[in-house]
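*Asks:* Each chain, letter by letter, is given below.
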Amino acid sequence: MKNLFKVMVIVTVASLLFVSCSKKTEPTAMAEEKKVALKVGMVTDAGTIDDKSFNQGTWEGILKAGDELGVTVKYLKPVGTTEADYLKEIGNLYDAGYKFIVTPGFKFETTIFKAQDKYADAKFVIIDGTPHNADYSEFRAEKNVISIFFAEHESGFMAGVAAALELKDGKFGFIGGMEIPAVQKFNWGFQQGIIYANENFGTTINLDAENIIYQGTFSDVAAGQQLAAQMFDKGVSAIFCAAGGVGVGAINEAKSRAQAGEEKWIIGVDVDQYSEGIYEGEKSIILTSAMKRIDVAAYDMIAEDLKGAFQGGATLTFNAANNGVGIPAKNPNLSADVTSKVAKVYADVQNGTVVVSAEQGSLIK
Amino acid sequence: MNLNSDKFRALWVALISVFLGLVAGAILMALTGHNPFEGYTYLFQGGLMNIERIGNTLATSTALFLTGISVAFAFKTGLFNIGASGQMLMGGLFATAIGLTWDLPKPILLPIILIASIIGGGLWALIPGLLKAKFNVHEVVATIMMNWIAYWTINYTIPAYFKGEYLETESRIIGNNASLRVEWLTDLFNGSYINLGFFIAVAVIIIIAIVLDKTVLGFTLKAVGFNKESAKYSGMNVNKSIILSMMIAGGLAGLGGATFYLGYSSNIQIGVLPAQGFDGIAVALLGANNPYGALAAAVFFGLLHSGKGFMNAMTDVPPEIGDTIIATIIYFAATSLLIHKFLDKITAFFKGGLKK
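Chains as they are written, first to last, in the working numbering: chain A, 1 to 365; chain B, 1 to 356.
Incorrect hints may appear among the rest.
Said to hold, decoys possible - Just some of the chain B residues that point at chain A, by a computed CB distance under 10 Å: (1) Gly191; (2) Thr220; (3) Asn312.
What the hints assert, rightly or not - With a straight-line cut-off of 30 Å between C-alpha atoms, the simulated DSSO-like cross-links for lysine-lysine are: (4) A:Lys143 <-> A:Lys99; (5) A:Lys171 <-> A:Lys234; (6) A:Lys118 <-> B:Lys163; (7) B:Lys106 <-> A:Lys118; (8) A:Lys168 <-> A:Lys344; (9) A:Lys171 <-> A:Lys52; (10) A:Lys283 <-> A:Lys330; (11) B:Lys163 <-> A:Lys114; (12) A:Lys171 <-> A:Lys330; (13) A:Lys52 <-> B:Lys163; (14) A:Lys365 <-> B:Lys106; (15) A:Lys39 <-> A:Lys99; (16) B:Lys351 <-> A:Lys114; (17) A:Lys307 <-> A:Lys39; (18) A:Lys64 <-> A:Lys171; (19) A:Lys99 <-> A:Lys168; (20) B:Lys341 <-> B:Lys351; (21) A:Lys114 <-> A:Lys168.
Honestly, the hints are just simulated from the structure, not real lab data. What you are looking at is a predicted structure, and each value in this text was computed from that prediction instead of being measured. Note that CB positions come from ideal geometry on N, CA and C, so glycine has one too.
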């Protein structure tokens, strides 16, 4: 009884104390100078802000814009993943004065379709998607929406070339999440990259049809680990994972193999996943990563808007030519020779000497 | 009014729980360097600021009403239903399946969908009910396991039979004739997500309150919950009552699934065990297992969930802290038993004092 009273008193007093102590930190003079009126908001997709993928990439770009361009930034996390939840958070951002809203992922397509009319004086950037209505009968992007796509095939191509050059011979594998265009393009580009390396640099890499698998989800970590284990057992030395959480499972499998002394590699996706694959000291099983520079895209859109050059209504593609895709600048697992060769190939892709197809053609799956 | 009546006491306990929860949330905000008063102002503004936001708050509350009353009903009859999430999913699956398959006019289709969702949830709760009645398997264990069976059933059924055109993880979008959203209501609330589900939920709560308090059936179910042995002694069919209670509870949660997937949302997604099922337990506890208490508690939680985003947008409170604050409030609500005991001691203290 007495103890309960004591606790309550302490709680009350403590809360009052904290209330009086909590002052807003004053922004520094430097930041104050750079402050501009634009407020940039983001609504996260399923998953956390540090998902090493879409949410994180987008947010890092927005944060950079906050630092360098002085815009006010904010992200909101919806309660669920329904259109109602997404639209509610967009409404919250809008009501709070955030009139430039970035949404990562194709799941926002129907949401933005509605939001572009409902919040006509706000600007929207949707990454990897384009606004359409619920039954896909109408595709429409108003003057306040930019849709951004990435040339995943070029990114997969560069990763394929780099990996083939580094390992020279052996078997590769591919694990995809869902069989959706973005993932398929990674796969097709990867295959073309291996073929290119085999033909032009004399490598002998095999990518067999049995080692190209779409798991079906982006979340089944356990299945990813199993698939990777099967491939490694069949003699595959490196797996390209474009599969979200499934890829995390594959990374885990490769890490435990590496700890046991086997030489097994994973090629990361979307962002530089090197740090994800660290199993000992600085050593990582991530050979390289097929990146989509989501952060660059988000940053550029904000920068352009500040210059008054918001390309509303446009569908933009980020590819090698505008440095929107490619492998990381630093790849500790690639030799200097490989890095310089890859840089030459990248330049060829940029200037169009080498063309990577976004179609399946004669490729596997 | 009798100040010592049970209902009055329950109200006090609920209010104290909410107050303590808010204080704890305030401490959390203060600890992370934010102004709690500002935070709460925006939290409540976010849920109530205009007619659209009020509509959204009620829409968010709708599924909570029904899962809350589901859990409360089971509690009243001596059962602990942790399976409201799974029952919601199955209700949602039945409702979505019919909504996507049959093309009937809205006035005919909607009642069929609602009944199907009740049957779906009811059947899902029948199994734990049977296990409890026949083999005395504890319903807590059985209902939790049924949650995951429902989760994986959805995971298989939706992509296999009702897959969206491009999205593997969601069913197709239901047609307007199967949606609980109606235009006049959406317009009335200025584009909000409020739908017929809200009115259905309120009607159901009134019906349940009447059944529990005014009918022989309600009396029997409560008697079995209160004391199984004495109910048996006085000639009641205990096993039948247990099964029936579970089925009614499941049916209510199933109906909640229909209001969520065909009202608030417009399709069903795989890989998500709806949180409303678990929040329903907190709603029932805070509402002291009283149908009208559950109604009030659900509105309160709906308000928190709905206003959180605006608080995050207006202040520097990160979304994760917003979630934590809500969780803290729910936690205090769920531990209302402690407050009951605390009040007991105070009453005893004063009574003891007077005697001396």
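*Asks:* Now tell me, hint by hint, if it's right for this structure.
*Replies:* Hint by hint, here is what the structure shows:
Interface hint at B:Gly191: satisfied, since its Cβ lies 7 Å from the closest Cβ of chain A, which is below the 10 Å cut-off. Using the Cβ-Cβ criterion of 10 Å, the hint placing B:Thr220 at the interface with chain A is not satisfied: the shortest such distance is roughly 38 Å. The criterion of a C-beta within 10 Å of any C-beta in chain A is met by B:Asn312, whose closest approach is roughly 5 Å, and the hint holds. Taken as a hint, the A:Lys143 and A:Lys99 pair is honoured in the structure, with Cα atoms around 14 Å apart against an allowance of 30 Å.
Using a Cα cut-off of 30 Å, the hinted pair A:Lys171 and A:Lys234 holds, with the two alpha carbons roughly 9 Å apart. For the hint pairing A:Lys118 with B:Lys163, the CA-to-CA distance comes to about 29 Å; that is within 30 Å, so the pair holds. With a CA separation close to 27 Å, the supplied pair B:Lys106 and A:Lys118 stays within the 30 Å bound. Between the alpha carbons of A:Lys168 and A:Lys344 the distance comes to roughly 18 Å, so the proposed pair stays at or under 30 Å and holds.
Between A:Lys171 and A:Lys52, the direct Cα distance comes to roughly 27 Å. Compliance with the 30 Å bound is thereby established for this hinted pair. For the given pair, A:Lys283 sits about 14 Å from A:Lys330 by alpha-carbon distance, which is consistent with the 30 Å threshold. The hinted pair formed by B:Lys163 and A:Lys114 meets the criterion: a straight-line CA distance of about 23 Å does not exceed 30 Å. Distance restraint check for A:Lys171 and A:Lys330: the Cα-Cα separation of roughly 25 Å lies within the 30 Å cut-off, and the hinted pair is therefore satisfied.
A C-alpha spacing of about 28 Å is found between A:Lys52 and B:Lys163, which places the hinted pair at or below 30 Å, so the restraint holds. Under the criterion of a C-alpha separation no larger than 30 Å, the hint pairing A:Lys365 with B:Lys106 is inconsistent with the structure, at around 43 Å. Pair hint A:Lys39 plus A:Lys99 holds up; C-alpha atoms about 6 Å apart against a cutoff of 30 Å. Distance check on the hinted pair: B:Lys351 and A:Lys114 sit about 62 Å apart at the alpha-carbon level, beyond 30 Å; violated.
The suggested pairing of A:Lys307 with A:Lys39 holds, with an alpha-carbon distance near 15 Å, which does not exceed 30 Å. This hinted pair does not check out: A:Lys64 and A:Lys171 have alpha carbons roughly 39 Å apart, beyond 30 Å. Between A:Lys99 and A:Lys168 the CA atoms are separated by roughly 51 Å; this puts the pair beyond 30 Å, and the hint is violated. The suggested pairing of B:Lys341 with B:Lys351 holds, with an alpha-carbon distance near 15 Å, which does not exceed 30 Å.
As the CA atoms of A:Lys114 and A:Lys168 are separated by approximately 50 Å, the hinted pair breaks the 30 Å bound.
Violated hints for the displayed structure, listed by number in ascending order: 2, 14, 16, 18, 19, 21.
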